[in-house]
Structures are given as structure tokens and as C-alpha cells.
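Residue numbers (the working numbering), protein chains in the order written: chain A, 1 to 70; chain B, 71 to 488.
Take these hints with a grain of salt, some might be off.
Unchecked claim - The calculated label-pair distances, taken between Cβ atoms and stated as ranges, are:
#1 B/R148 with A/D6: 14 to 20 angstroms
#2 A/T63 with B/F391: 29 to 35 angstroms
#3 A/A41 with B/R216: 29 to 35 angstroms
#4 A/E28 with B/A464: 27 to 33 angstroms
#5 B/R342 with A/A41: 22 to 28 angstroms
#6 B/F246 with A/E28: 40 to 46 angstroms
#7 B/A286 with A/D6: 36 to 42 angstroms
#8 B/R462 with A/L34: 44 to 50 angstroms
#9 A/P38 with B/N180: 48 to 54 angstroms
#10 B/E247 with A/L34: 48 to 54 angstroms
#11 A/A41 with B/D146: 46 to 52 angstroms
#12 B/T308 with A/E8: 41 to 47 angstroms
#13 B/H482 with A/L34: 56 to 62 angstroms
#14 A/K2 with B/E200: 45 to 51 angstroms
Read the hints as simulated data drawn from the structure, not as lab findings.
Just so you know, even glycine gets a beta-carbon here, dropped at the ideal spot from N, CA and C.
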Amino acid sequence: MKVTLDPERCVGAGHCVLSAGTVFDQDEADGVVLLLDPEPAEDLADAVLEAADLCPARAILVTGADGRPV
Amino acid sequence: MTDPTTDLTTASQTAAPTTVRSADPHYPMDRQCPFAPPREATAIRDAGTVPRVTLWNGVRPWLFTRFDDARTILADPRFSADKSRPGYPLSSAVALAETAVEPTLLIMDNPQHDAVRRLVLGEFTVKRAEGWRPAVRAVVDGCLDRMLRGTEADLVADLALPVALTVICEFLGVPFEDRELFRGLTHTMNVVAGTTESAAAARQALQDYLEELVAAGEREPRDGFIGRMAARHLPDGTMTRPQLAAMALLLLTAGHDTTANMISLGVLTLLRHPGHFAALGADDDPELLAGTVEEMLRHLTVVQRGIRRIATEDVTVGDRFVRAGEGVVAAINVANRDPGRFPAGEEFDPAARAHGHLAFGYGPHQCMGQALARVELQEVYAAVARRIPTLRTAVPVEEIRFKSDMAVYGVHALPVTW
Chain A
1 MKVTLDPERC
11 VGAGHCVLSA
21 GTVFDQDEAD
31 GVVLLLDPEP
41 AEDLADAVLE
51 AADLCPARAI
61 LVTGADGRPV
Chain B
71 MTDPTTDLTT
81 ASQTAAPTTV
91 RSADPHYPMD
101 RQCPFAPPRE
111 ATAIRDAGTV
121 PRVTLWNGVR
131 PWLFTRFDDA
141 RTILADPRFS
151 ADKSRPGYPL
161 SSAVALAETA
171 VEPTLLIMDN
181 PQHDAVRRLV
191 LGEFTVKRAE
201 GWRPAVRAVV
211 DGCLDRMLRG
221 TEADLVADLA
231 LPVALTVICE
241 FLGVPFEDRE
251 LFRGLTHTMN
261 VVAGTTESAA
271 AARQALQDYL
281 EELVAAGERE
291 PRDGFIGRMA
301 ARHLPDGTMT
311 RPQLAAMALL
321 LLTAGHDTTA
331 NMISLGVLTL
341 LRHPGHFAAL
351 GADDDPELLA
361 GTVEEMLRHL
371 TVVQRGIRRI
381 ATEDVTVGDR
391 FVRAGEGVVA
401 AINVANRDPG
411 RFPAGEEFDP
421 AARAHGHLAF
431 GYGPHQCMGQ
441 ALARVELQEV
451 YAAVARRIPT
461 LRTAVPVEEI
471 RFKSDMAVYG
481 VHALPVTW
């Protein structure tokens with residue numbers, strides 16, 4: 001599982017941090033999403049997928065081993 | 071998709087408006103139960119139709135009630151939030167006042183919206199909100215200490231409003247002593263039956279008051295959001311004084327009324343579920359508490375008149391074709407009980423996963439203050455359940471006045487005893 005961001009889209013809602021706090025953080029200066037762990041372990045899959053689903057700006061893309069969006 | 075409304079739409083080009091309007095449901099519909107959205111709106115969702123509805127001024131937007139459709143609309147940049155566009159489905163005459171004074175984020179479209187939002191986002195991170203938790207807890211405990219000196223109270227006047235107002239005042243750095251002023255002005259801006267003129271005058275008065283505070287923050291450093299943003303963004307012209315005041319106005323109004331209503335209506339909901347109320351008071355379980363707040367937000371959805379947008383080009387949502395210039399209403403209170411997304415549906419079930427509800431909106435406009443709101447609601451519900459396990463309403467539910475007449479749902483007063 002691989003995570004990529006489009007921080008330009010981020011609106012700082014913070015769901016990603018609440019869902020998967022070891023994978024995502026927010027920049028303290030401007031509130032924009034930061035990626036702590038671009039290849040999270042499998043046991044974080046549910047949390048990361050939830051983060052992507054809840055993101056109101058659709059700024060999180062999760063791809064599988066085959067490179068396709070999950 | 072063919073349904074009767076499709077034919078009516080075509081007919082509206084030629085038929086007398088009264089003929090057409092009589093066939094459309096009026097929106098918003100009336101509630102039958104104070105704890106549930108209107109039955110008619112729920113039936114529309116369950117039937118899977120997207121009808122045209124008639125608003126107070128004869129404008130006829132499409133009504134979307136399903137979760138997926140509502141979420142799609144709120145994230146789609148082809149739908150504009152600019153209330154000054156002709157044909158915008160305004161919720162009332164007072165909503166027009168939002169275009170009369172300095173615009174807030176709520177009515178901006180991108181790219182302007184995101185650029186302005188970025189200037190202040192750092193103040194609203196999850197960590198910042200957590201940093202407010204001790205202060206919020208102190209405010210809640212102070213209100214409860216005062217309340218518990220007596221034997222009965224109005225949970226709105228004695229807890230919900232002072233907590234919400236004190237927290238937002240501390241956050242912004244506005245004097246709490248002025249609360250009656252902005253409480254009154256905010257009320258005028260939210261009464262559905264008000265006029266554009268009364269709402270615009272109230273909005274202007276609040277804007278003027280906040281511009282004074284911004285100017286004071288410019289003259290000497292001050293604590294709080296207004297002071298920090300004045301120091302950061304005014305000297306180089308990134309923001310103007312009116313723009314910063316408009317931002318503060320949005321945070322002050324959106325930041326206390328919604329929260330106050332969630333507090334009072336939420337406590338009332340807990341009292342109707344005594345087993346859960348007792349569990350919340352007995353267990354120090356952060357997950358139970360967080361889940362309760364999420365479920366409360368989903369179940370109550372105090373923004374009761376839908377989020378409105380206008381199409382800037384032709385868009386298909388689900389199987390409904392929306393033409394450029396047509397209005398849409400995303401009925402988030404009905405969508406948040408869509409059993410297709412939330413297994414709890416119409417029920418209040420804190421054990422069910424309510425994540426992803428639309429109570430804070432969705433898309434670029436999703437509430438900036440949601441992390442702080444969560445902290446406030448968690449602290450209030452937990453403190454009430456822990457400190458007043460014998461809490462009960464002091465009047466029958468039939469005597470409670472619910473806010474069907476306001477943009478944000480809640481109760482006007484909630485007499486309680488313990």
C-alpha cells in the first residue's frame with residue numbers, strides 16, 4: 001500500500017490525523033497535510049482508507065501493490 | 071429516469087407558476103417529531119427520487135437527500151456557494167444579507183476560497199484543538215459549578231451558550247463582556263422569518279465591532295486569533311482589516327451557535343437514552359466518548375435547512391441532470407440518516423460508526439472549526455454525565471420549544487433539575 005498526497009487540495013479538515021495519526025500530520029504553520037509514512041504497514045490499511053474516504057478535499061490517494069488506486 | 075417531476079420541469083416553461091408550485095413539495099418541510107427530520111423528506115430519500123422543491127421565494131431547486139448525492143454535490147467545484155448568483159436557492163431573506171457586507175469564506179468559490187482559508191488554517195489543526203482541551207474543561211467545570219449551586223437550571227442559558235460563547239471568545243480574543251451584543255446580533259442574523267434589512271444591519275454592526283478589534287490588534291499585540299492574524303497578515307497587505315473582521319465574524323457566529331445547539335440538544339438526547347448516559351458517566355472511555363460525539367453530530371445534524379449550491383455548468387448527480395443556473399439543496403440532515411451509508415439509520419446508536427457524516431459539510435467548505443467543536447462536545451457531554459448523573463428534564467417534552475424557526479436547530483430553553 002502506497003500513499004500519495006495532493007497538498008494543494010488540502011483544506012485542513014484533519015480527518016486524516018484523526019483516522020491515521022501515524023501516517024498523517026498537519027503542518028503547524030499553515031495546517032496543511034503532511035505525510036509521515038508513505039508506505040504504511042498492512043494493519044493500517046483500514047485507517048488509511050478511511051482517511052482517504054473522509055478527506056473532504058480528496059487530497060489523499062491510496063494505491064495497491066499493482067499501482068492501482070485502492 | 072422518468073418520474074412525475076421531470077414532466078413538471080418541462081411544463082414549468084409554459085404553465086402558470088402557481089400550477090407548478092402546487093405540485094412541488096415546499097422546502098423545508100415541517101417536522102412531525104422534534105427528534106427526526108421531516109417525514110416527507112425522509113420518504114423522498116427512501117423512494118430514491120430527486121424532486122424539485124419550492125422555496126419561500128418561489129425558487130425551485132432540486133432536493134438531494136441521499137448520502138452519496140449530497141456528498142458528491144458538496145465536493146464538486148461545478149456547484150457554486152456564491153449567494154449573489156441569480157437563482158441561488160437562498161434559505162430565507164436573511165441569507166441574502168450575507169452578500170451585503172464583506173464576504174466570508176462561506177460564499178466564496180475557488181480559487182479564492184482556498185487561498186483565504188490557507189491564511190488561517192494553522193489555527194485549526196487537530197493538535198491545536200487538543201491544546202484547547204484544558205481551557206475548555208475549565209470553562210465547562212466553571213459553568214457546572216455555578217449551575218449546581220441551585221437545584222434547577224436552563225441548560226441553554228446556564229451551560230450551552232456560556233460554554234460555546236466563552237470558548238469562541240477566548241479563541242478569537244474578543245472580550246467576553248460583549249457577549250450580549252454579538253449574541254443578539256447573531257440571533258437576528260439567524261431568525262428565518264427576519265428581513266434582509268434587519269439581518270444586513272446586524273451583520274454590519276458585528277462587522278464594525280470586529281473591525282475595531284482588528285484595529286486594536288494592529289495597534290498593540292494581543293492574544294488570540296484576531297491579534298495573531300492582525301500581526302501576521304495586515305502589515306504586508308495579505309489580508310485587509312475588513313477581510314480579517316469578516317473571518318472573525320464567520321468564526322464567532324458559526325463557532326458558537328452551532329456548538330451551543332449541539333450541547334443542549336445533545337444533552338437532551340442523552341437524557342432520552344439513560345443507559346448510554348449512565349455508561350458515559352461511569353466509564354472514562356475516550357473511544358466511547360468520541361463515538362458518542364460523532365453519532366450525536368450525525369443523528370442531530372443541527373444545520374436543518376440543507377446546504378445550498380447553484381450549478382455553474384450542466385452536471386449529472388446520480389441520475390439527476392442539473393442544468394447550469396439551477397439550484398440544488400443537499401439535505402444533510404436526511405442524508406446523515408441514509409441507511410445506505412449509516413447502519414444506525416434513524417436510530418441513535420453511539421456504538422455504530424458514524425464517521426464520515428456530513429454534519430460539518432463536505433468539500434472545500436467543510437467546517438474549519440470541527441476539531442475544536444469535537445473537543446468542546448466531548449468535554450461537555452462527559453462532564454455532564456459524570457457530574458450530574460441524576461440530571462432530568464424539569465418539564466414534559468411537549469413543553470420544550472424547539473428551534474424550527476431558526477437556521478440552526480436546537481431548543482430555545484431546556485429546563486432541567488437533578
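Indices of hints not satisfied (ascending): 3, 4, 5, 6, 9, 10, 11, 12, 13 and 14
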